[in-house]
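Colleague: Each chain, written out:
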Amino acid sequence: MRVTFTVNGRPQEADDVWEGESLLYVLRERLGLPGSKNACEQGECGSCTVRLDGVPVCACLVAAGQVEGREVVTVEGLADFAKQRAEHGGCASGACGTADAAAGTPLDEARRWAARGSDSHTGEGTELSPVQQAFIDAGAVQCGFCTPGLLVAADEMLERHPSPTDADIREALSGNLCRCTGYEKIMDAVRLAAARQSEGV
Amino acid sequence: MGTTGLPTNITQGSRTKGGIGESTLRPDGTLKVTGEFAYSSDMWHEDMLWGQILRSTVAHAEIVSIDTAEALATPGVYAVMTYDDLPTDVKHYGLEIRDTPVLAHGKIRHHGEPVAIVAADHPETARRAAAKIKVEYRELPVVTDEASATAPDAVLVHGNRTDHHSGHVPHPNIVHRQPVIRGDVAKARERADVIVEGEYVFGMQDQAFLGPESGLAVPAEDGGVDLYVATQWLHADLGQIAPVLGLPEDKVRMTLAGVGGAFGGREDLSMQIHACLLALRTGKPVKIVFNRFESFFGHVHRHPAKLHYEHGATKDGKLTHLKARIVLDGGAYASSSPAVVGNAASLGAGPYVIEDVDIEALALYTNNPPCGAMRGFGAVQACFAYEAQMDKLAARLGMDPVEFRRINAMSQGAVMPTGQVVDSPAPVAELLRRVKAMPMPPERQWLAAGEAADVRELPGGLSNTTHGEGVVRGVGYAVGIKNVGFSEGFDDYSTARVRMEVVGGEPVATVHTAMAEVGQGGITVHAQIARTELGVTQVTINPANTQVGSAGSTSASRQTYVTGGAVRNACELVREKVLEMGRRAFGTYHPAWATAELLLEGGKVVTDAGEVLADLVDVLGDEAVEIEEQWRHRPTEPFDLRTGQGFGHVQYSFAAHRAVVEVDTELGMVKVVELACAQDVGKALNPLSVLGQIQGGTTQGLGIAVMEEIVVDPKTAKVRNPSFTDYLIPTILDTPTIPVDVLELADDHAPYGLRGVGEAPTLSSTPAVLAAIRAATGLELNRTPVRPEHLTGTA
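Chains as they are written, first to last, in the numbering used here: chain A, 1 to 201; chain B, 1001 to 1795.
If you're looking for bench data, these hints aren't it; they were derived computationally from the structure.
Glycine is no exception: its CB is placed at the ideal position from the N, C-alpha and C atoms.
Take these hints with a grain of salt, some might be off.
[As the list claims (entries may be wrong)] Example chain B residues on the side facing chain A (calculated, C-beta under 7 Å, incomplete):
1. Gly1019
2. Gly1021
3. Leu1025
4. Gly1029
5. Lys1032
6. Ser1041
7. Phe1209
8. Asn1291
9. Val1625
10. Gly1692
11. Thr1699
12. Thr1735
Just chain A, with the same shape it has in the complex (with noise of 0.2 Å):
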């Protein structure tokens, strides 16, 4: 069947996809876009949280079928959904299409995102969400694999909830694991990120 959605505010079309394709295997092997992690493909894990029409959500227990029509953010969209979000107001929709965004990536494009860089490699100078950002400053990052499941969640939290306690930052990633940090790392990273938010940094 062929889907067609929008994935980081670009229309996106995915052909020949079988039905029992996850929106996680359209996304990391169809469309070039392999930010949101398989760690365990059941919806315990949280790597791979992705926003549905604002929503967080496990893209391994969506059905490709499903996203037909809708709104998906990845973590390779975050920073770009942040600086929209930061710019036009809230936007909890996940309705933040640009306005060019009618063009679309075609496919090749999208896969060559990998391959793109800065002048360093490291990515130095690119702009990131202030919750990307924590994470580095921070140290919360070490193999990485949960993180961008852990960013699109922690991102969506500041957004419903700019000055999260302990308890409430425990409670809304309490669906990401992390095998590497012991999570006091991270929970550095979203205080982090609250505070600079609401310093307006």
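Start from chain A and add chain B according to the hints.
Modeller: Showing chain B alone in chain A's frame:
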């Protein structure tokens, strides 16, 4: 369009400039937060196929027949291979003993053993085709524990053993046995005023790294193969893969793809050979990605153990003796069981001074899942037992458990039960003092936010099982000792290639090693070392691959020590060459070139007094200086097979924990409120990364204390819970705050005085939590993990 997800150079320095001792940020951090960092499961190649492994559904059986016809006839399937299709006479692999079949031949020895492999154009097609392969088994009785493994009529898991341990083990179902005997236990026992015995059980833990086993094998025009894979040691993989494929090692070009955690679980091969076999058979790139279910069968686990401990002490609290027996279940294949046995035996007495010791450690061959390396490696199980013993002894003597440990704590100069003198700082008592001195979390912390109980801070959490009724607090302490580096005479070297040249008008250092960056931050530290030693800010890290010499394994807390040491050594050699070039070009202009101690700092050659002699840009000109060199730490020696005596370990590392728990005594729910740690790290090359290691290791220790266990059916030897639904690892709600006190007492034998960090915190975390639960409940609790039924008496 070729391949996407190939690892690239990473250059850092525009914003991040720090040398050693600074908390510089990860060079791959931005790539990881934007989703651009390519993990092994993200690799993609035009025209690639998907590989699938068919695994056995039984634990012990003869294979009567395998029928692949229907699978092969499935549209979209390109190849199906079994043992009979293996291309050479080398059909086994293994880290220490090559006893593991690439594909089962005639016999199945554990649940989930690979039987056949399939390549197809869609992963679901491959899975469905694999399911169509008909395997007929004739089941055999299973060997599952010491009694069944060593019974007179026990079925041998491996007949006709010829490995180097087979000659000295008391039974063919024992992989390796290592006694450690010192002094005279029988005589020392007479001096004891109290004797305490305990029988302890340690469950099977899974590494549960989040990035699944995966990789991409691309057949090359020269008949070789390019393999991109997540592993802990490229060169050890290569040495096992190439002979099975019948290729010389230089035709199997390996590159480290992005690794989503490891913790020991990637030391053994998983899908490497299978992907290469299918790629070479089909002539197409083949990607294999395990799902989580398969991952539980696709790597070895931490050895479950049964431990019997007897300690004696005098009434003034001095340990008199230790007699211990540690039985580790190695499962169906050897993996690293022999080295785990060596660790359990040599570290089995813990960080205490005990002159009279009789320890026996052994690993069994059984039909349970194979066990091998996991963070802590044999020292974890022993620590759980000896720390429980310390608390029991203190209680019997009416002493404070921390004071009792302090009296017996080893310090620098102590003699291990192996006879090895601990010749660097061993601040065991100081770590306990520090962890005890940390402020305690407030009582009834669930009321901190106001009048009403915040259930998120209570046992049972959001299940809302208590508002504080029946909740009892307990506090427990533990300390442990772990070795750093490969032991027992292993030639534990690493290789680094360092290049220095002018790029874009600026001196740049390039570091190339085969070190597996698995998340620990080794590449961060390599860039820091290059900056410190070479005075540059821009450092390029090349992808790890087999085009450079071996870096050894990312395990045993060894990479900062050994590959860090190799990078420093190569930098020093590069520096000498650069200074020689400077002397040749500019020596006549300033006498200090010949007389002063010269350093590279801030892109310049400076004297130790700080006088600038030349710009590195001018010294280097158009030339590049490059050195590749191996580096070794001091050698160790094997343990004597009868007495366990020997200079077996490179370095020791110590951590202590204090656990504060709250237990809902009615429902058996445990909330760990705080898990404080004090650890000596020698020198923190990157303090932020050090904290990350300590907090991560602590949390894995918490997991095996109260949650994690692979449950194996004792009747069938089949795994009952291979999923994250049934195998629970700590979430952010299960994990408490982890305050850390880092001590830096230099080890003069090690580069920069550093001490390996990664594993020690995984040791003492578990027994500290258990001690706290015992303190809260008064129960004996001789097994870990503790489950609710153990606390409510309904087990």
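Colleague: Does each hint fit the structure? Answer for all of them.
Modeller: Hint-by-hint comparison with the structure:
no.	hint	in the structure
1	Gly1019	violated (17 Å)
2	Gly1021	violated (15 Å)
3	Leu1025	holds (6 Å)
4	Gly1029	holds (4 Å)
5	Lys1032	holds (3 Å)
6	Ser1041	holds (6 Å)
7	Phe1209	holds (6 Å)
8	Asn1291	holds (5 Å)
9	Val1625	violated (22 Å)
10	Gly1692	holds (5 Å)
11	Thr1699	holds (4 Å)
12	Thr1735	holds (5 Å)
Checked against the numbered hints given earlier, the structure breaks hints 1, 2 and 9 and satisfies all the rest.
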